[in-house]
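*Asks:* When you get a sec, could you build the whole thing from the sequences and use the hints?
Which chain is which? The protein sequence lines are B and H, in order.
If you're matching positions, the first sequence starts at 1 in the numbering used here and goes up one per residue.
If you're matching positions, the second sequence starts at 1 in the numbering used here and goes up one per residue.
Read the hints as simulated data drawn from the structure, not as lab findings.
All the pointers check out, no bait thrown in.
Distance ranges between label pairs, derived from CB positions:
#1 B:Gly498 / H:Thr11: 56 to 62 Å
#2 H:Asp22 / B:Ser499: 38 to 44 Å
#3 B:Gln458 / H:Lys6: 55 to 61 Å
#4 H:Asp50 / B:Ser558: 29 to 35 Å
#5 H:Ala51 / B:Gln458: 53 to 59 Å
#6 B:Asn559 / H:Asp50: 30 to 36 Å
#7 H:Val46 / B:Ala465: 39 to 45 Å
#8 B:Asn559 / H:Lys6: 25 to 31 Å
#9 B:Ser499 / H:Leu61: 43 to 49 Å
#10 B:Ser375 / H:Phe64: 48 to 54 Å
As the structure is a computational prediction, the values presented were derived from the model and not from experiment.
Even for Gly, the Cβ is constructed at its ideal location relative to N, Cα and C.
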Amino acid sequence: MAGVPYTFATASTTIPLSQLDSNFQTPITIGSTNMNLGQVVTTISGLTLTNVTISSGNVTVNSVSGNATIVGGTINNTSLYNVSIINVATTFPNNFLANSGITLGTTTANLGSTISTLGNLTLQNVTINSVSSTFPNNFLSNSSTTLGNTTLTLGGTTANLGNITIANVTIQSGNVTGAIPTTNIGNTAIIFGGTVSALGNLALNNVTINSVSTPIMPAQGGTGLNTLPSNNVLIGNGTGSLVTVAPGNNGNVLTSNGTSWVSVTPGATTGNVTYGNTTVSLGGTSPSIGNLTLYNANVATYTSPTSNYQSTLGFKNRIINGAMVIDQRNSGASVSTASGNNIYTVDRWATFYSQTSKYTIQQNAGSVTPPAGFSNYLGFTSSSSYSSISSDYFWFQQQIEGFNTADLAWGTANAKTVTISFWVYSSISGTWSGSLVNSAQNYSYPFSYTVLSANTWQQVSVTIAGPTAGIWIGATNGIGISVRFNLGCGSTYLGTAGSWSSNYYIGATGSNSLVGTNGATFYITGVQLEVGTNATNFEYRDYGRELILCQRYYQSFSNQIYAWQSNAGSTFRNLSTSFPVNMRASPTVILIGGIGGLTVSTTTINGFYANVNIGNTTSDAYITNYTSSAEL
Amino acid sequence: MYKQHKNIDGTTNLNNIERIIDSAWIPFDSANTDYQQFKTDIANGVELQDADGNVITGDALTTFIGTLA
Chain B
1 MAGVPYTFAT ASTTIPLSQL DSNFQTPITI GSTNMNLGQV VTTISGLTLT
51 NVTISSGNVT VNSVSGNATI VGGTINNTSL YNVSIINVAT TFPNNFLANS
101 GITLGTTTAN LGSTISTLGN LTLQNVTINS VSSTFPNNFL SNSSTTLGNT
151 TLTLGGTTAN LGNITIANVT IQSGNVTGAI PTTNIGNTAI IFGGTVSALG
201 NLALNNVTIN SVSTPIMPAQ GGTGLNTLPS NNVLIGNGTG SLVTVAPGNN
251 GNVLTSNGTS WVSVTPGATT GNVTYGNTTV SLGGTSPSIG NLTLYNANVA
301 TYTSPTSNYQ STLGFKNRII NGAMVIDQRN SGASVSTASG NNIYTVDRWA
351 TFYSQTSKYT IQQNAGSVTP PAGFSNYLGF TSSSSYSSIS SDYFWFQQQI
401 EGFNTADLAW GTANAKTVTI SFWVYSSISG TWSGSLVNSA QNYSYPFSYT
451 VLSANTWQQV SVTIAGPTAG IWIGATNGIG ISVRFNLGCG STYLGTAGSW
501 SSNYYIGATG SNSLVGTNGA TFYITGVQLE VGTNATNFEY RDYGRELILC
551 QRYYQSFSNQ IYAWQSNAGS TFRNLSTSFP VNMRASPTVI LIGGIGGLTV
601 STTTINGFYA NVNIGNTTSD AYITNYTSSA EL
Chain H
1 MYKQHKNIDG TTNLNNIERI IDSAWIPFDS ANTDYQQFKT DIANGVELQD
51 ADGNVITGDA LTTFIGTLA
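*Replies:* What follows is the structure, encoded as structure tokens:
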């Protein structure tokens, strides 16, 4: 710098202002701004101030191009326009933001103010960590949610929830009111929150009882004991715990001392001994002995059975020809139902039908092997596929004579229970039915039974409590009981199975129909109706006895019977015969073969008498056959 | 149809009646089911002939029915 006597760089003292350029023409540069001493500079650019304190006055940063950055520090009483705040060290105090507004949903809020209500606001992915209290119902109204298959309106009242599974729920006492659904365990209704001390009619399978608080007493089916002594005999003790009797000495027998059972040396002559199911008092009198088989026994005195004795011999089975052995009318030939409305098949068995030619009947139809122990059966074969109308009837039956049912005391308070059993074989499995009917056909008991497998012999038994009502023929030759088997009756003749009714029913509602399926078969044999609650072995009577029983109701006689001349030279011939078996009633007689013109003049249960004017005095009069029928 | 017959002495046999369709002789026994059916039939108009083959009708039939047990 020419003319400058002082060099600033080497100045060691203060340079007086007079020594400086009096015109301050020598410029200096601050930042990117050149200035001359003595000039007034109002704008300095490109200048960085460090650790500058402006202690008073106002600082205005105005119309700054580019970015203005203030790092740290405090700016007081400053207006900022178009400022971007990159970061704040802490939250803005509410009062820093006062007088500013913000809109949430449809609600405009002032910053720094308190808002208690927001309207029309959709919140997404919101997590509510806590609320000060429960949501009032009206906060949630007009919304709905679905529990199970029930749609609930929030804020509304719902009485029922359907099809909802609630798991791991604890219902505390007092919090559940009103009708609470129950559930049944066994036949006990369980109420949630309630106390159950007993469960009834409950079957438990594969249950392991690890312990019981006390031994189960006899009244509950237990023994009342914790242990059962080895090899001891258990003795009943009323409702108390069972008592035991030890074996005692070798060879001892269990006998009674009149009060209890004791183990004693055999050969005692006093006390009680049990044979079969009867206790015999040694040296005393036993009222009865049951279920006992005696071998080589000498009976010193025999007293006939008392009135409650139920015979198992002779006529246990009230059904005659239940094995379908006797067939006097047809000798095993097929029987048509093409005419009439009732036909006898094998002896004592008749079929009735409202429509002809729907089935045929034959002893041993289809030639299947009868069940073991039987040689014959009665077979029905459907001839068409017929849908019965309500008034149709198709059935077969045996009517038991009143003399053979009077002891059942039906229609009285002493009516006896009976069991009907039979073997059945059908091409149609499922439910079949029949009924027991009184003679007036105004009291009946429909029963049903199930054929488990088609074309398989199966034994069926049905136990029927005797009716205490209804009119039942006593010891007469009328109809005691009709045992009927339904083959496809219409609804008029079908009732509820398993109970007595004052209506006339032939079968049970919902049972199979033979006539409904063309070619269907129904075979039956071994029919037995007996007193008691159990079906016992079929009473297979000898053939001769069975035939005699049948002949009380029908006889077919095949031998020539000649007439005699009542007076010498007379043209009249008289013919009479005695039946081999007295018949139930005076029978209807049909004369077959021989001469014609015979008039049956008298018929009784023992025989008949006929005569004819043969027109000459020399010819013989005779018949070759007759039938007599006195069926019920 | 049914038909009466005569006894040897010429009187009408009132012990039996013939069922013509199968020539069955039905005794007048109330326990006989064919006899029960016979009574029902003639009451319902089924033809009944006398021993000479004449159809019994009117009062004669009513009288006859009245004699049946």
